[in-house]
Every structure is written in structure tokens, then in C-alpha cells.
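**Q** Protein chains in written order, with our numbering: chain H, 3 to 324; chain W, 3 to 324.
Heads up, a few of these hints could be off.
Unchecked claim - Negatives, chain W to chain H, calculated, CB over 10 Å: (1) 46; (2) 48; (3) 131; (4) 264.
Said to hold, decoys possible - EDC-like, lysine to aspartate or glutamate: derived pairs with alpha carbons at most 20 Å apart: (5) 176/W - 162/H; (6) 301/W - 162/H; (7) 286/H - 245/H; (8) 176/H - 245/W; (9) 176/H - 290/W; (10) 136/H - 162/W; (11) 235/W - 289/H; (12) 176/H - 249/W.
I should point out that these hints are in silico values taken from the structure, not numbers from a laboratory. A virtual CB, placed ideally from N, CA and C, is assigned to each residue, including glycine.
Listed below, chain by chain, are the residues.
Number of protein chains: 2
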Amino acid sequence: MENNAKPYVIGLDLGGTNSVFGIVDQRGEIKGSTAIKTQAYPDVNDYVKAGVEAMQPIIDVIGGIDKVKGMGIGAPNGCYYTGTIENAANLQWKGSIPLAKLFEDALGIPVALTNDANAAAVGEMTYGVARGMKDFIMITLGTGVGSGIVINGQVVYGSDGFAGELGHVTMDRKPGSRLCGCGKHGCLETFCSATGVARTAREILETTDRPSLLRDIDPKDITSLDVSIAAEKGDEIAKEIYEFTGEMLGAACADFAAFSSPEAFVFFGGLTKAGDLLMKPLQKSYDENVLPAFRGHAKLLISGLSGAEAAVLGASALGWEL
Amino acid sequence: MENNAKPYVIGLDLGGTNSVFGIVDQRGEIKGSTAIKTQAYPDVNDYVKAGVEAMQPIIDVIGGIDKVKGMGIGAPNGCYYTGTIENAANLQWKGSIPLAKLFEDALGIPVALTNDANAAAVGEMTYGVARGMKDFIMITLGTGVGSGIVINGQVVYGSDGFAGELGHVTMDRKPGSRLCGCGKHGCLETFCSATGVARTAREILETTDRPSLLRDIDPKDITSLDVSIAAEKGDEIAKEIYEFTGEMLGAACADFAAFSSPEAFVFFGGLTKAGDLLMKPLQKSYDENVLPAFRGHAKLLISGLSGAEAAVLGASALGWEL
Numbered sequence: 003m004e005n006n007a008k009p010y011v012i013g014l015d016l017g018g019t020n021s022v023f024g025i026v027d028q029r030g031e032i033k034g035s036t037a038i039k040t041q042a043y044p045d046v047n048d049y050v051k052a053g054v055e056a057m058q059p060i061i062d063v064i065g066g067i068d069k070v071k072g073m074g075i076g077a078p079n080g081c082y083y084t085g086t087i088e089n090a091a092n093l094q095w096k097g098s099i100p101l102a103k104l105f106e107d108a109l110g111i112p113v114a115l116t117n118d119a120n121a122a123a124v125g126e127m128t129y130g131v132a133r134g135m136k137d138f139i140m141i142t143l144g145t146g147v148g149s150g151i152v153i154n155g156q157v158v159y160g161s162d163g164f165a166g167e168l169g170h171v172t173m174d175r176k177p178g179s180r181l182c183g184c185g186k187h188g189c190l191e192t193f194c195s196a197t198g199v200a201r202t203a204r205e206i207l208e209t210t211d212r213p214s215l216l217r218d219i220d221p222k223d224i225t226s227l228d229v230s231i232a233a234e235k236g237d238e239i240a241k242e243i244y245e246f247t248g249e250m251l252g253a254a255c256a257d258f259a260a261f262s263s264p265e266a267f268v269f270f271g272g273l274t275k276a277g278d279l280l281m282k283p284l285q286k287s288y289d290e291n292v293l294p295a296f297r298g299h300a301k302l303l304i305s306g307l308s309g310a311e312a313a314v315l316g317a318s319a320l321g322w323e324l
Numbered sequence: 003m004e005n006n007a008k009p010y011v012i013g014l015d016l017g018g019t020n021s022v023f024g025i026v027d028q029r030g031e032i033k034g035s036t037a038i039k040t041q042a043y044p045d046v047n048d049y050v051k052a053g054v055e056a057m058q059p060i061i062d063v064i065g066g067i068d069k070v071k072g073m074g075i076g077a078p079n080g081c082y083y084t085g086t087i088e089n090a091a092n093l094q095w096k097g098s099i100p101l102a103k104l105f106e107d108a109l110g111i112p113v114a115l116t117n118d119a120n121a122a123a124v125g126e127m128t129y130g131v132a133r134g135m136k137d138f139i140m141i142t143l144g145t146g147v148g149s150g151i152v153i154n155g156q157v158v159y160g161s162d163g164f165a166g167e168l169g170h171v172t173m174d175r176k177p178g179s180r181l182c183g184c185g186k187h188g189c190l191e192t193f194c195s196a197t198g199v200a201r202t203a204r205e206i207l208e209t210t211d212r213p214s215l216l217r218d219i220d221p222k223d224i225t226s227l228d229v230s231i232a233a234e235k236g237d238e239i240a241k242e243i244y245e246f247t248g249e250m251l252g253a254a255c256a257d258f259a260a261f262s263s264p265e266a267f268v269f270f271g272g273l274t275k276a277g278d279l280l281m282k283p284l285q286k287s288y289d290e291n292v293l294p295a296f297r298g299h300a301k302l303l304i305s306g307l308s309g310a311e312a313a314v315l316g317a318s319a320l321g322w323e324l
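With the hints as extra help, turn the sequences into a complete structure.
**A** Rendered as C-alpha cells:
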């Protein structure tokens, strides 16, 4: 035990609705996990108190907090340099929230915090398909599009801690292109997120009379999952929607390759469940759009971490670096 | 002299036409320089021999090669990892040219090689406006558009040594957009290089009957310098051309900020001589297009190194890192 007195880390995946805590060992095995409702705590101090209380039983099981090397938090608008959450649109805590410091004080261990996509990149590098890679780009395809960029084995945090917002590069510069939650128009996120897929579905259904299984659903209720189920049943319009999504994502990744010439892109999140429906047009579009000198260099991979655990594993992996 | 027995570095700015060698001290002062014609040597071995011969007098002046710490080369398609030039379109040497090794053998000192834009970035960080910065993006606006990206104080070379090709991100995805030398369509380079400015001039002159000083020039002979001279004389069309160029460049830089959230963008090369004609619409477009959370973070700067010396200084700066 001398050499390995602190064999565990804590990961916190802080989402707008739920907060999942996990205790993880060095092989990436989750030894225990627990969750609280993020929205139930309008005061962040109450949130931290509730989180520590919820964790206590699983901390006891592994032999107490002395066995824990550190804690990592993946949170929206998380700044690695300051350990704060800054004006996150999906959280009720406004302004600058020093969440890393609050957990440090409550637990007595070092705590690191970054945004969820950066945490996912560290998780992929520590436990997933990017093990051994020094240059890769993680793209998270959920409600939004996030990214974590690794160069020379290090996450890129940039001059202010907020680098890696690839969901907000502009893919459509035409006037009147899709409005993004960030206030800009035509962002990658408006096309290649789960909500982007649903938007594409509504647009295509509106502009054609062709039959589709998706017409059985009220347009405003269509989800990316509905589209993928319809596509698997052979629905032509549903397949077109994923083709368009893959084309946009491939074109975007081709531009990202011009930046850091990564060894791989790793895709994570709900949309990747569509599998080849997404990955085939993505690969084709990437090959067509990438600088010819880069063609064939980067692999396009789906995350090796299972969805439910990946976010907690990613956050926990930050704890090893403390 | 004990602590500083090798107080000089050699820089080589290898262009398609000319090759300029300079010996530089630690303050960035060029102690001597010489040049040979790149095109005069179909065999690269003859080129290296001629270069070493041309340098001999200036090496003698500073006390011999023993006073030189290392040599840096900025060359098209230069790969930092291998020290080779790979299939450069503008050079007559085909295939993979081990130029760093050839100069190492001929001079008996360590030699590093990278592309010209990466060399410019190192130069700017060592001697220019980026001194003290750890995160910035260098954009070179010459015949083409090149880039050198610095993150955490290190140039980004990527998984293969060729990262930082920001001139080839796609700015115009419409079918039939401008064909780029790389084989793709709509690349940033087709708009924001010197040749891109001339293309914009021809397109605007063709699609309108409005008077312009540029109509005195045969369209195929119009250069970016002609446009900037006309603009300074108050020519409305010439001003529009630079506005369009600045808008495109600002929109591109806004996307680059989403990648690495740099402290500054540093612009270098012929087009920057247009000054505010370019920089004002560039700044305006950057502010309009950047992710609102990043607004006001990055400075847009013109290189602090004089054009004639900058490329040699940049290349030489690599020599200090050996």
C-alpha cells in the first residue's frame, strides 16, 4: 500500500438535470456511483453539501477519503485555469461559481474542473480508444456539439481556459442560416447535434411531399432517435437526414484537420448510436473535403467508453493529473 | 565566453525563387546575410554546396562555425519531425528531400526545418510582437495564406508534422466556388492571399460598370498592390475589395478562436501593408463572427518584424531550440 496509498479518484459529471458522482480505480473501473438532481439546489453551497453527503457511503466502502488522490469535474462552461463555472446557460447558478474550491474545502482533496467535452477527451486518453495517442480531437454529439482537443498529449485550454468550442465554427455563412443557442447563425451545432438532426428532419419534411415514417410524428416532437429508428427501417428521408448530418460533420472535421493534423477524431454521444448511418457519410465527406496532403492520415473513431459511464470516467481521469 | 561560446544561429528562408541565409545573434540582430537563387540548382546537393560556400565569408566574420549553435530552415512543405521537404509544388526538387540532414552534414551543426509560416511564428515569439505569449496564431498573407499555431508556448506540428494549414479551411461551400491550388474549392487562400485579392478585384470589376482606377489596368495584371494604391487614392471599388478580404479573414479567425482561444492573432506578409484598409474590416468581422463568450479576448496584431528580415529571423529562431 505504500506506493499506492491513494488508488482512487472521484469523477463528477455535472449536467443541467442530473449530477453523477463516481469513484474510479486506475484501470477505469467504477467502484461506486451515486447521483443527485442538479436542479434541486438553487444555492451551490447546498449542492456541494448534498453531493458530499450522497458520496459518503461509497467513500466509506473504498476505505475513506484518504484513499482518494483527487476529484475531477466535467461541467458546462467549466474553466480549467480558475476551477469555476462561468455563466452556464443551462444551470441556475449565475455568474462565476468556484465549484472546484467548494469541493476542495468540503472534501480536503485537490479538485480540477473543465467542460464536459474536455473531460471526455481526458477520459478517452486515459481509459478509451485514444490511449497512447498524443494528438486527437474529441467531438461530443449530444444536445449540443462539444469538443476536446489534445495536442502533444495535453488538452488545449487556450489563453483563457475556454478553447475547444468547435460546435460553434460557422458551417453555413448564408444570410438567414440556422440560429444557434450561442447567438450566432449557421454554427456546426445547429446541424450536427441531436437537436440539429431534428431541425434537418423538420426542414426536409416541410420542403417535400415524399412519404416517410417520420410523418407519423408531430414535427415538433421528432427526435434524432426517431430519425435513426426510421432510417434503420429503410426510410429514405431518414437516411438522407443522416447523410446530410454526416456530410456537414465530415466537412467540419476536414477543416479541424488543417488546424492540428490529429491522429484521430473520436466521436462520442447520442448521435453515434446511429453507427454507419452517420459514420459512412462522415468518412466520405471528410475524405472529399480534407486537404489532399492530409488524406488518409486521421482515423475517424467512435468512443470506446460506454455512454452512461463515459462522462464520469472522463471527469475522474482529471483527478489522476493532480 | 565560457557561458556563451555559441552566440549565433543561422537562418535560411528558402523560397521558390530566392534562398536567403542570415547569421543572427540572441537579440535578433542580423550580423550578416547572403543569398543564392533556389532555381539555379536542379540537384539539391549542389544547392547545399552553393549555400555553404555563399555563407563562408559571413561565418568567418563572426569567428567560424564553432560560434554557431544551430541552423533553422523555413521551407515550403517542410516537416519538422523528419527535417525533410515533402513534394513542394513550388520547388523543382521532387519527392522527399532531407535538407536538414544535408546541411547538418555539410556544416557540422544541428539543423531544424519547418514550413515558413511555422518559422515566422517562432520568430515572432522570439523577437517580435508575440514575445511572452504562450498562445497565439500567426497568419501569413503572401502569395498564399499560411499559418503557424502556438499553444502552451510550443508550435503545433500535429501527428505528422504538417499541422497549421489554415489557408485551406473552406470559407465558401457553394458549388463552383473558387478553385484553390491545393485542389479544393473555396479555401481561405483563394480569398485572403495576394492572388485572392486580385481575383476579387477581377470578379467585382466584371460584375459592375462602376468607374474605378483599376479599370486602367489589364484585369489579368492587377495585383493586390494595385488595389491598395487605388484604395489609398479613395477608389470605392478598391476599398470594397479590401473590405471583402478583411471580412473573410475576420470570419475565418473567429472560427480559429473557437479552436485554441489564442491571446492574439499576428498577421504577416504583403497584404498587411494595406494597414487599416485590411485591419478595420478584419476587426469588425472578427467581432461579429466570434463566439460571444470569446468577444474581446484576442488581439489582432500586425507582425513586429520587418518583411525583408522576418523570414530569416523566424527560421534562425528555430536554431536556439536545438
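**Q** Are the hints correct? Go through all of them and say.
**A** Evaluation of the provided hints:
1. Consistency note on residue 46/W: stated as away from chain H, and its beta-carbon is indeed over 10 Å from all of that chain's, at 20 Å minimum.
2. Interface exclusion of residue 48/W from chain H stands, the closest Cβ pair being 27 Å apart, more than 10 Å.
3. With a least beta-carbon separation of about 15 Å from chain H, residue 131/W lies farther than 10 Å from that chain, consistent with its non-interface assignment.
4. Chain H draws residue 264/W into its interface by the beta-carbon criterion, the shortest separation being 6 Å against a cut-off of 10 Å.
5. Of the supplied pair hints, the one linking residue 176/W and residue 162/H is violated, its CA atoms being roughly 34 Å apart against a limit of 20 Å.
6. A C-alpha spacing of about 13 Å is found between residue 301/W and residue 162/H, which places the hinted pair at or below 20 Å, so the restraint holds.
7. Distance restraint check for residue 286/H and residue 245/H: the Cα-Cα separation of roughly 10 Å lies within the 20 Å cut-off, and the hinted pair is therefore satisfied.
8. Annotation: proposed proximity of residue 176/H to residue 245/W holds, straight-line Cα distance about 18 Å (limit 20 Å).
9. Between residue 176/H and residue 290/W the alpha-carbon distance is near 15 Å, which keeps this suggested pair within the 20 Å criterion.
10. For the hint pairing residue 136/H with residue 162/W, the CA-to-CA distance comes to about 11 Å; that is within 20 Å, so the pair holds.
11. A C-alpha spacing of about 46 Å is found between residue 235/W and residue 289/H, which places the hinted pair above 20 Å, so the restraint is violated.
12. About 14 Å separates the Cα atoms of residue 176/H and residue 249/W, which keeps this hinted pair within 20 Å; it holds.
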